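Trainee: Sequence:
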Amino acid sequence: MRWVAFSSVFAGLTGYLVIFLATSTLGAERFQVFNVFWGLFFMVYGSLQGLMHETTRGVRQALARQSAEDDPTAEDLLTEPLRDSERAPEPHERVRPFRVSFAFGAVAAGLMLASSPLWAPIVLEPSHTALGIALLTVATGLAAVQAVFCGLVSGAGRWRMFGIFLTVEAFLRVLVALVAVMLADPIAGFMYATIAGIVMTPLTLAVSPAARRLIELRGDVRTREFVRRSLHAILAASAAAILVVGFPVLISAARPNADPVVIGNLLAAVTLTRAPVLTPITSFQNAIVVYFVDRVARGRRVVWVPVAIVLAVASIGAVLAWLIGPPIIQFMGPDFRVGGILLAALTFAAGFTGALYITGSAVLARERHGVYVTGWLLASAIALLLLVLVPGDAVATVLALMVGPVVGVLFHIFVGMRPGVGDAPAAPASGAAEELDPAPDGVTPER
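Take the sequence shown: its position 322, counting from 1, is numbered 325 in our numbering, and each next residue is one higher.
Possibly wrong hints are sitting among the right ones.
[Claimed, not checked] What follows is a list of derived Cβ distance ranges for each label pair:
#1 ARG102 / PHE9: 29 to 35 Å
#2 LEU114 / ARG340: 50 to 56 Å
#3 ARG227 / PRO259: 26 to 32 Å
#4 ARG5 / ALA187: 38 to 44 Å
#5 ILE319 / VAL184: 30 to 36 Å
#6 LEU114 / ARG227: 19 to 25 Å
Read the hints as simulated data drawn from the structure, not as lab findings. It should be emphasised that the depicted structure is a prediction, and the values quoted were computed from it without experimental measurement. Every residue gets a Cβ at the ideal spot worked out from N, C-alpha and C, and that includes glycine.
Use the sequences and the hints to build the structure in full.
Mentor: Written out as C-alpha coordinates, the structure is:
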(Lines of atoms letter the chains of each structure in order from A and count residues from 1; the text may use other names and numbers.)
(Lines give C-alpha, C1' and ligand atoms only; values in the text may rest on other atoms or scores of the structure.)
Protein backbone atom coordinates (compact mmCIF):
# COMPACT_ATOMS: atom_id res chain seq x y z
CA MET A 1 0.00 0.00 0.00
CA ARG A 2 2.98 2.32 0.40
CA TRP A 3 3.15 2.47 -3.40
CA VAL A 4 -0.41 3.75 -3.53
CA ALA A 5 0.28 6.31 -0.81
CA PHE A 6 3.37 7.58 -2.62
CA SER A 7 1.61 7.73 -5.99
CA SER A 8 -1.35 9.61 -4.50
CA VAL A 9 0.94 12.27 -3.04
CA PHE A 10 2.98 12.46 -6.23
CA ALA A 11 -0.12 12.77 -8.42
CA GLY A 12 -1.47 15.56 -6.22
CA LEU A 13 1.78 17.50 -6.32
CA THR A 14 2.25 17.09 -10.06
CA GLY A 15 -1.35 18.16 -10.65
CA TYR A 16 -0.62 21.45 -8.94
CA LEU A 17 2.61 21.77 -10.90
CA VAL A 18 0.59 21.54 -14.12
CA ILE A 19 -1.81 24.19 -12.78
CA PHE A 20 1.12 26.48 -11.92
CA LEU A 21 2.67 26.00 -15.36
CA ALA A 22 -0.69 26.85 -16.93
CA THR A 23 -1.26 29.98 -14.84
CA SER A 24 2.24 31.33 -15.40
CA THR A 25 2.11 30.60 -19.13
CA LEU A 26 -1.47 31.52 -20.03
CA GLY A 27 -2.28 34.34 -17.62
CA ALA A 28 -5.61 34.80 -15.85
CA GLU A 29 -7.71 35.39 -18.98
CA ARG A 30 -6.67 32.26 -20.90
CA PHE A 31 -6.28 30.13 -17.76
CA GLN A 32 -10.07 29.93 -17.57
CA VAL A 33 -10.16 28.15 -20.95
CA PHE A 34 -7.67 25.53 -19.81
CA ASN A 35 -9.13 25.10 -16.32
CA VAL A 36 -12.66 24.52 -17.59
CA PHE A 37 -11.36 21.95 -20.10
CA TRP A 38 -9.38 20.32 -17.26
CA GLY A 39 -12.48 20.33 -15.06
CA LEU A 40 -14.71 18.74 -17.70
CA PHE A 41 -12.26 15.94 -18.46
CA PHE A 42 -11.66 15.07 -14.82
CA MET A 43 -15.38 15.30 -14.07
CA VAL A 44 -15.94 12.63 -16.73
CA TYR A 45 -12.87 10.69 -15.59
CA GLY A 46 -14.04 10.85 -11.98
CA SER A 47 -17.48 9.60 -12.96
CA LEU A 48 -15.99 6.64 -14.81
CA GLN A 49 -14.08 5.69 -11.67
CA GLY A 50 -17.32 3.96 -10.71
CA LEU A 51 -16.21 1.30 -13.20
CA MET A 52 -12.97 0.90 -11.27
CA HIS A 53 -14.80 0.54 -7.97
CA GLU A 54 -17.18 -2.14 -9.27
CA THR A 55 -14.40 -4.01 -11.06
CA THR A 56 -12.25 -3.98 -7.93
CA ARG A 57 -15.11 -5.31 -5.82
CA GLY A 58 -16.10 -8.01 -8.30
CA VAL A 59 -12.59 -9.29 -8.98
CA ARG A 60 -11.72 -9.31 -5.29
CA GLN A 61 -14.86 -11.28 -4.48
CA ALA A 62 -14.22 -13.73 -7.31
CA LEU A 63 -10.66 -14.38 -6.18
CA ALA A 64 -11.80 -14.82 -2.59
CA ARG A 65 -14.49 -17.27 -3.68
CA GLN A 66 -11.99 -19.24 -5.74
CA SER A 67 -9.67 -19.48 -2.74
CA ALA A 68 -12.55 -20.69 -0.56
CA GLU A 69 -13.51 -23.31 -3.12
CA ASP A 70 -9.93 -24.56 -3.20
CA ASP A 71 -9.91 -24.88 0.61
CA PRO A 72 -10.58 -28.53 1.58
CA THR A 73 -12.36 -27.36 4.73
CA ALA A 74 -14.92 -25.39 2.75
CA GLU A 75 -17.16 -28.42 2.30
CA ASP A 76 -17.44 -28.73 6.07
CA LEU A 77 -18.43 -25.09 6.50
CA LEU A 78 -21.25 -24.97 3.95
CA THR A 79 -24.58 -26.74 4.12
CA GLU A 80 -26.34 -28.03 1.02
CA PRO A 81 -29.34 -25.65 1.32
CA LEU A 82 -27.00 -22.64 1.49
CA ARG A 83 -25.02 -23.84 -1.47
CA ASP A 84 -28.16 -24.35 -3.55
CA SER A 85 -29.80 -21.05 -2.66
CA GLU A 86 -26.70 -18.90 -3.06
CA ARG A 87 -24.99 -20.66 -5.93
CA ALA A 88 -22.69 -18.27 -7.74
CA PRO A 89 -22.40 -18.26 -11.52
CA GLU A 90 -20.14 -20.91 -12.96
CA PRO A 91 -16.64 -19.62 -13.83
CA HIS A 92 -17.37 -19.57 -17.55
CA GLU A 93 -20.56 -17.55 -16.89
CA ARG A 94 -18.84 -14.73 -15.02
CA VAL A 95 -17.97 -11.45 -16.69
CA ARG A 96 -14.57 -10.57 -18.08
CA PRO A 97 -14.57 -6.87 -17.15
CA PHE A 98 -11.80 -5.85 -19.53
CA ARG A 99 -13.74 -7.04 -22.56
CA VAL A 100 -16.87 -5.21 -21.41
CA SER A 101 -14.81 -2.03 -20.86
CA PHE A 102 -14.59 -1.48 -24.62
CA ALA A 103 -18.38 -1.35 -24.87
CA PHE A 104 -18.50 1.14 -22.00
CA GLY A 105 -15.78 3.17 -23.71
CA ALA A 106 -17.56 3.20 -27.06
CA VAL A 107 -20.86 4.30 -25.49
CA ALA A 108 -19.17 6.96 -23.34
CA ALA A 109 -17.21 8.35 -26.30
CA GLY A 110 -20.35 8.37 -28.44
CA LEU A 111 -22.28 10.27 -25.78
CA MET A 112 -19.45 12.78 -25.44
CA LEU A 113 -19.37 13.38 -29.18
CA ALA A 114 -23.16 13.54 -29.55
CA SER A 115 -23.49 16.01 -26.69
CA SER A 116 -20.65 18.26 -27.89
CA PRO A 117 -23.02 20.92 -29.30
CA LEU A 118 -24.23 21.43 -25.72
CA TRP A 119 -20.90 21.68 -23.90
CA ALA A 120 -18.37 22.76 -26.53
CA PRO A 121 -19.56 26.42 -26.73
CA ILE A 122 -19.25 26.64 -22.93
CA VAL A 123 -15.94 24.85 -22.45
CA LEU A 124 -13.94 25.58 -25.61
CA GLU A 125 -12.93 28.77 -27.33
CA PRO A 126 -13.72 28.83 -31.08
CA SER A 127 -10.13 28.36 -32.22
CA HIS A 128 -9.82 25.09 -30.27
CA THR A 129 -13.32 23.64 -30.62
CA ALA A 130 -12.53 20.86 -33.10
CA LEU A 131 -9.37 19.81 -31.23
CA GLY A 132 -11.12 19.88 -27.87
CA ILE A 133 -14.05 17.76 -29.04
CA ALA A 134 -11.70 15.22 -30.62
CA LEU A 135 -9.47 14.99 -27.54
CA LEU A 136 -12.34 14.66 -25.07
CA THR A 137 -14.14 12.07 -27.20
CA VAL A 138 -11.10 9.83 -27.57
CA ALA A 139 -10.00 10.38 -23.97
CA THR A 140 -13.45 9.49 -22.61
CA GLY A 141 -13.45 6.17 -24.45
CA LEU A 142 -9.96 5.30 -23.25
CA ALA A 143 -10.76 6.46 -19.72
CA ALA A 144 -13.48 3.80 -19.41
CA VAL A 145 -11.01 1.10 -20.42
CA GLN A 146 -8.40 2.51 -18.06
CA ALA A 147 -10.84 2.57 -15.14
CA VAL A 148 -11.59 -1.14 -15.59
CA PHE A 149 -7.90 -1.98 -15.94
CA CYS A 150 -7.11 -0.14 -12.70
CA GLY A 151 -9.94 -2.08 -11.06
CA LEU A 152 -8.39 -5.36 -12.20
CA VAL A 153 -5.00 -4.33 -10.83
CA SER A 154 -6.33 -3.26 -7.44
CA GLY A 155 -8.78 -6.15 -7.20
CA ALA A 156 -5.89 -8.57 -7.69
CA GLY A 157 -3.88 -6.86 -4.96
CA ARG A 158 -1.12 -5.68 -7.31
CA TRP A 159 -0.48 -2.51 -5.34
CA ARG A 160 3.06 -2.00 -6.59
CA MET A 161 1.86 -2.08 -10.20
CA PHE A 162 -1.04 0.21 -9.31
CA GLY A 163 1.25 2.74 -7.63
CA ILE A 164 3.74 2.75 -10.50
CA PHE A 165 0.86 3.13 -12.96
CA LEU A 166 -0.49 6.22 -11.19
CA THR A 167 2.99 7.71 -10.79
CA VAL A 168 3.92 7.36 -14.46
CA GLU A 169 0.47 8.64 -15.48
CA ALA A 170 1.04 11.83 -13.45
CA PHE A 171 4.60 12.17 -14.77
CA LEU A 172 3.36 12.01 -18.38
CA ARG A 173 0.95 14.85 -17.66
CA VAL A 174 3.76 17.05 -16.33
CA LEU A 175 6.05 16.11 -19.21
CA VAL A 176 3.50 17.20 -21.81
CA ALA A 177 2.76 20.37 -19.82
CA LEU A 178 6.46 21.28 -19.87
CA VAL A 179 6.43 20.89 -23.64
CA ALA A 180 3.25 23.00 -23.82
CA VAL A 181 5.05 25.93 -22.20
CA MET A 182 7.38 26.12 -25.20
CA LEU A 183 4.71 25.84 -27.92
CA ALA A 184 3.40 28.71 -30.02
CA ASP A 185 -0.11 27.56 -29.06
CA PRO A 186 0.23 26.67 -25.37
CA ILE A 187 -3.51 26.14 -24.81
CA ALA A 188 -3.48 23.25 -27.26
CA GLY A 189 -0.43 21.86 -25.48
CA PHE A 190 -2.11 22.04 -22.08
CA MET A 191 -5.20 20.35 -23.53
CA TYR A 192 -2.98 17.46 -24.59
CA ALA A 193 -1.38 17.48 -21.13
CA THR A 194 -4.79 17.18 -19.50
CA ILE A 195 -5.60 13.89 -21.22
CA ALA A 196 -2.03 12.55 -21.51
CA GLY A 197 -2.49 9.93 -18.80
CA ILE A 198 -5.07 7.94 -20.73
CA VAL A 199 -2.33 6.29 -22.82
CA MET A 200 -1.10 4.41 -19.75
CA THR A 201 -3.23 1.29 -20.23
CA PRO A 202 -2.01 0.46 -23.76
CA LEU A 203 1.57 1.31 -22.72
CA THR A 204 1.37 -0.93 -19.66
CA LEU A 205 -0.11 -3.83 -21.62
CA ALA A 206 2.61 -3.44 -24.25
CA VAL A 207 5.51 -3.74 -21.78
CA SER A 208 4.15 -5.92 -18.94
CA PRO A 209 3.32 -9.64 -19.27
CA ALA A 210 1.85 -9.51 -15.75
CA ALA A 211 -0.58 -6.81 -16.87
CA ARG A 212 -1.61 -8.91 -19.86
CA ARG A 213 -2.45 -11.78 -17.51
CA LEU A 214 -4.61 -9.50 -15.40
CA ILE A 215 -6.95 -8.59 -18.25
CA GLU A 216 -8.15 -12.21 -18.34
CA LEU A 217 -9.48 -12.06 -14.77
CA ARG A 218 -13.20 -12.52 -14.24
CA GLY A 219 -15.62 -10.82 -11.89
CA ASP A 220 -18.07 -12.49 -9.53
CA VAL A 221 -21.29 -11.89 -11.50
CA ARG A 222 -22.64 -12.30 -15.01
CA THR A 223 -22.13 -9.60 -17.62
CA ARG A 224 -25.66 -8.18 -17.36
CA GLU A 225 -25.36 -7.78 -13.58
CA PHE A 226 -21.88 -6.26 -13.92
CA VAL A 227 -23.22 -3.65 -16.34
CA ARG A 228 -26.13 -2.82 -14.02
CA ARG A 229 -23.90 -2.46 -10.97
CA SER A 230 -21.34 -0.46 -12.91
CA LEU A 231 -23.96 2.03 -14.07
CA HIS A 232 -25.04 2.54 -10.46
CA ALA A 233 -21.39 3.00 -9.43
CA ILE A 234 -20.83 5.53 -12.22
CA LEU A 235 -23.87 7.50 -11.09
CA ALA A 236 -22.56 7.53 -7.52
CA ALA A 237 -19.08 8.63 -8.59
CA SER A 238 -20.44 11.35 -10.87
CA ALA A 239 -22.49 12.86 -8.05
CA ALA A 240 -19.34 13.98 -6.23
CA ALA A 241 -17.30 14.65 -9.38
CA ILE A 242 -19.75 17.29 -10.63
CA LEU A 243 -19.38 19.51 -7.57
CA VAL A 244 -15.70 18.93 -6.83
CA VAL A 245 -13.63 18.60 -10.02
CA GLY A 246 -16.44 19.85 -12.26
CA PHE A 247 -16.93 23.15 -10.46
CA PRO A 248 -15.08 25.19 -13.15
CA VAL A 249 -17.60 23.84 -15.67
CA LEU A 250 -20.49 24.91 -13.43
CA ILE A 251 -19.11 28.46 -13.17
CA SER A 252 -18.51 28.71 -16.90
CA ALA A 253 -21.99 27.40 -17.71
CA ALA A 254 -23.72 29.65 -15.17
CA ARG A 255 -21.83 32.87 -15.99
CA PRO A 256 -20.91 32.75 -19.69
CA ASN A 257 -20.61 36.55 -19.99
CA ALA A 258 -18.40 37.11 -16.96
CA ASP A 259 -15.00 38.78 -17.27
CA PRO A 260 -12.56 35.93 -18.07
CA VAL A 261 -9.83 37.57 -15.95
CA VAL A 262 -12.14 37.59 -12.92
CA ILE A 263 -13.23 33.98 -13.51
CA GLY A 264 -9.63 32.90 -14.06
CA ASN A 265 -8.66 34.42 -10.71
CA LEU A 266 -11.63 32.79 -8.98
CA LEU A 267 -10.87 29.37 -10.44
CA ALA A 268 -7.23 29.60 -9.40
CA ALA A 269 -8.30 30.61 -5.88
CA VAL A 270 -10.84 27.77 -5.61
CA THR A 271 -8.26 25.25 -6.80
CA LEU A 272 -5.65 26.33 -4.25
CA THR A 273 -7.93 26.79 -1.24
CA ARG A 274 -9.68 23.43 -1.56
CA ALA A 275 -6.60 21.24 -1.56
CA PRO A 276 -5.51 21.51 2.11
CA VAL A 277 -9.01 20.60 3.31
CA LEU A 278 -10.21 18.06 0.76
CA THR A 279 -7.06 16.12 -0.17
CA PRO A 280 -6.69 14.30 3.20
CA ILE A 281 -10.40 13.45 3.25
CA THR A 282 -10.56 12.08 -0.29
CA SER A 283 -7.31 10.14 0.20
CA PHE A 284 -8.69 8.29 3.20
CA GLN A 285 -12.37 8.07 2.27
CA ASN A 286 -12.34 4.26 2.35
CA ALA A 287 -10.95 4.35 5.89
CA ILE A 288 -13.64 6.88 6.87
CA VAL A 289 -16.34 4.54 5.56
CA VAL A 290 -14.87 1.71 7.66
CA TYR A 291 -14.88 4.01 10.71
CA PHE A 292 -18.61 4.60 10.28
CA VAL A 293 -19.35 0.94 9.53
CA ASP A 294 -17.88 0.00 12.91
CA ARG A 295 -20.05 2.64 14.62
CA VAL A 296 -23.26 2.42 12.61
CA ALA A 297 -25.35 1.59 15.70
CA ARG A 298 -24.56 5.00 17.23
CA GLY A 299 -26.90 6.80 14.86
CA ARG A 300 -26.54 10.41 13.81
CA ARG A 301 -24.34 11.47 16.67
CA VAL A 302 -21.40 9.57 15.16
CA VAL A 303 -20.97 12.26 12.46
CA TRP A 304 -20.88 15.37 14.64
CA VAL A 305 -17.29 15.05 15.85
CA PRO A 306 -15.74 14.31 12.41
CA VAL A 307 -17.73 17.16 10.83
CA ALA A 308 -16.66 19.52 13.62
CA ILE A 309 -13.01 18.54 13.10
CA VAL A 310 -13.25 19.25 9.36
CA LEU A 311 -14.84 22.65 9.94
CA ALA A 312 -12.22 23.47 12.59
CA VAL A 313 -9.43 22.63 10.16
CA ALA A 314 -11.15 24.77 7.51
CA SER A 315 -11.38 27.65 9.99
CA ILE A 316 -7.66 27.48 10.73
CA GLY A 317 -6.97 27.25 7.00
CA ALA A 318 -9.14 30.31 6.42
CA VAL A 319 -7.04 32.36 8.82
CA LEU A 320 -3.84 31.21 7.10
CA ALA A 321 -5.33 31.94 3.67
CA TRP A 322 -6.19 35.46 4.78
CA LEU A 323 -2.64 36.03 6.04
CA ILE A 324 -0.45 34.37 3.41
CA GLY A 325 -2.81 33.58 0.52
CA PRO A 326 -2.51 36.78 -1.55
CA PRO A 327 1.25 36.55 -2.18
CA ILE A 328 0.89 32.87 -3.10
CA ILE A 329 -1.76 33.76 -5.68
CA GLN A 330 0.44 36.56 -7.06
CA PHE A 331 3.27 34.06 -7.48
CA MET A 332 1.12 32.30 -10.11
CA GLY A 333 1.45 35.20 -12.52
CA PRO A 334 1.18 38.98 -12.89
CA ASP A 335 -2.55 38.83 -13.76
CA PHE A 336 -3.51 36.97 -10.59
CA ARG A 337 -4.80 39.09 -7.71
CA VAL A 338 -7.18 37.75 -5.04
CA GLY A 339 -7.79 39.41 -1.68
CA GLY A 340 -7.22 37.70 1.64
CA ILE A 341 -10.86 37.91 2.73
CA LEU A 342 -12.06 36.09 -0.40
CA LEU A 343 -9.36 33.43 -0.01
CA ALA A 344 -10.38 32.95 3.62
CA ALA A 345 -14.04 32.60 2.65
CA LEU A 346 -13.24 30.04 -0.07
CA THR A 347 -11.07 28.02 2.32
CA PHE A 348 -13.81 27.96 4.95
CA ALA A 349 -16.34 27.02 2.26
CA ALA A 350 -14.16 24.04 1.35
CA GLY A 351 -14.86 22.75 4.84
CA PHE A 352 -18.53 22.27 3.94
CA THR A 353 -17.58 20.16 0.92
CA GLY A 354 -15.34 18.18 3.28
CA ALA A 355 -18.30 17.76 5.64
CA LEU A 356 -20.34 16.44 2.70
CA TYR A 357 -17.67 13.79 2.11
CA ILE A 358 -17.93 12.85 5.81
CA THR A 359 -21.72 12.54 5.87
CA GLY A 360 -21.63 10.76 2.52
CA SER A 361 -19.26 8.17 3.97
CA ALA A 362 -21.57 7.73 6.96
CA VAL A 363 -24.53 7.15 4.64
CA LEU A 364 -22.55 4.65 2.54
CA ALA A 365 -21.70 2.78 5.74
CA ARG A 366 -25.45 2.27 6.19
CA GLU A 367 -25.75 1.11 2.56
CA ARG A 368 -27.99 4.05 1.64
CA HIS A 369 -26.51 4.52 -1.81
CA GLY A 370 -29.49 6.35 -3.25
CA VAL A 371 -29.40 8.89 -0.43
CA TYR A 372 -25.64 9.33 -0.95
CA VAL A 373 -26.11 10.17 -4.63
CA THR A 374 -29.12 12.41 -4.01
CA GLY A 375 -27.26 14.43 -1.38
CA TRP A 376 -24.40 15.18 -3.75
CA LEU A 377 -26.73 15.96 -6.66
CA LEU A 378 -28.76 18.31 -4.45
CA ALA A 379 -25.55 20.10 -3.47
CA SER A 380 -24.54 20.48 -7.12
CA ALA A 381 -27.99 21.69 -8.18
CA ILE A 382 -28.17 24.30 -5.40
CA ALA A 383 -24.63 25.46 -6.20
CA LEU A 384 -25.50 25.88 -9.89
CA LEU A 385 -28.71 27.73 -9.01
CA LEU A 386 -26.83 30.18 -6.80
CA LEU A 387 -24.17 30.72 -9.47
CA VAL A 388 -26.95 31.69 -11.89
CA LEU A 389 -29.05 33.85 -9.57
CA VAL A 390 -26.68 35.62 -7.17
CA PRO A 391 -25.12 38.86 -8.47
CA GLY A 392 -21.37 39.25 -8.18
CA ASP A 393 -19.00 36.52 -9.33
CA ALA A 394 -17.08 36.23 -6.05
CA VAL A 395 -20.16 36.32 -3.80
CA ALA A 396 -21.97 33.77 -5.97
CA THR A 397 -18.98 31.43 -5.90
CA VAL A 398 -18.60 31.55 -2.13
CA LEU A 399 -22.33 31.05 -1.51
CA ALA A 400 -22.48 28.18 -4.02
CA LEU A 401 -19.61 26.39 -2.27
CA MET A 402 -21.18 26.93 1.16
CA VAL A 403 -24.94 26.57 0.75
CA GLY A 404 -24.91 23.72 -1.79
CA PRO A 405 -22.84 21.36 0.39
CA VAL A 406 -24.78 22.35 3.53
CA VAL A 407 -28.02 21.23 1.86
CA GLY A 408 -26.37 17.94 0.92
CA VAL A 409 -25.04 17.44 4.46
CA LEU A 410 -28.46 18.02 6.01
CA PHE A 411 -30.08 15.64 3.53
CA HIS A 412 -27.55 12.92 4.33
CA ILE A 413 -27.99 13.32 8.09
CA PHE A 414 -31.75 13.72 8.36
CA VAL A 415 -32.83 11.43 5.52
CA GLY A 416 -30.01 8.91 5.24
CA MET A 417 -29.40 8.50 8.96
CA ARG A 418 -32.94 8.34 10.31
CA PRO A 419 -33.19 6.29 13.52
CA GLY A 420 -33.86 2.63 12.82
CA VAL A 421 -32.74 2.77 9.18
CA GLY A 422 -29.48 0.87 8.61
CA ASP A 423 -28.70 0.83 12.34
CA ALA A 424 -27.83 -2.85 12.57
CA PRO A 425 -24.16 -3.29 13.47
CA ALA A 426 -22.00 -4.82 10.80
CA ALA A 427 -20.92 -8.41 11.21
CA PRO A 428 -17.24 -8.78 11.93
CA ALA A 429 -15.12 -9.78 9.00
CA SER A 430 -13.40 -13.11 9.16
CA GLY A 431 -9.68 -13.09 9.61
CA ALA A 432 -9.26 -15.37 6.66
CA ALA A 433 -11.01 -12.92 4.39
CA GLU A 434 -8.92 -10.01 5.66
CA GLU A 435 -5.66 -11.81 5.06
CA LEU A 436 -6.58 -13.18 1.67
CA ASP A 437 -4.42 -12.23 -1.29
CA PRO A 438 -5.12 -15.01 -3.79
CA ALA A 439 -2.98 -15.45 -6.85
CA PRO A 440 -4.66 -17.51 -9.58
CA ASP A 441 -3.31 -17.96 -13.07
CA GLY A 442 0.09 -16.57 -12.30
CA VAL A 443 -1.18 -13.36 -10.70
CA THR A 444 0.95 -12.57 -7.68
CA PRO A 445 -0.52 -10.12 -5.17
CA GLU A 446 1.72 -7.48 -3.67
CA ARG A 447 1.40 -5.42 -0.50
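Trainee: At the C-beta level, are ARG5 and ALA187 separated by a distance inside 38 to 44 Å?
Mentor: Once the Cβ atoms are compared, 42 Å apart, the range 38 to 44 Å for ALA187 and ARG5 holds.
Trainee: Is the hinted range of 50 to 56 Å satisfied by the C-beta distance from LEU114 to ARG340?
Mentor: For ARG340 against LEU114, whose Cβ atoms are near 39 Å apart, the range 50 to 56 Å is violated.
Trainee: Starting from the hint 19 to 25 Å, judge whether the C-beta atoms of LEU114 and ARG227 obey it.
Mentor: Cβ of LEU114 to Cβ of ARG227: about 20 Å, so the range 19 to 25 Å holds.
Trainee: Does the Cβ pair ARG227, PRO259 satisfy 26 to 32 Å?
Mentor: With a Cβ separation near 42 Å, ARG227 and PRO259 fall outside 26 to 32 Å, so the hint is violated.
Trainee: Starting from the range 29 to 35 Å, see whether the pair ARG102 and PHE9 falls in it by beta-carbon distance.
Mentor: holds, 31 Å
Trainee: CB of ILE319 to CB of VAL184, is that within 30 to 36 Å?
Mentor: For ILE319 and VAL184 the Cβ distance comes to about 35 Å; the hint holds.
The structure fails hints 2 and 3 (numbered hints given earlier, in ascending order).
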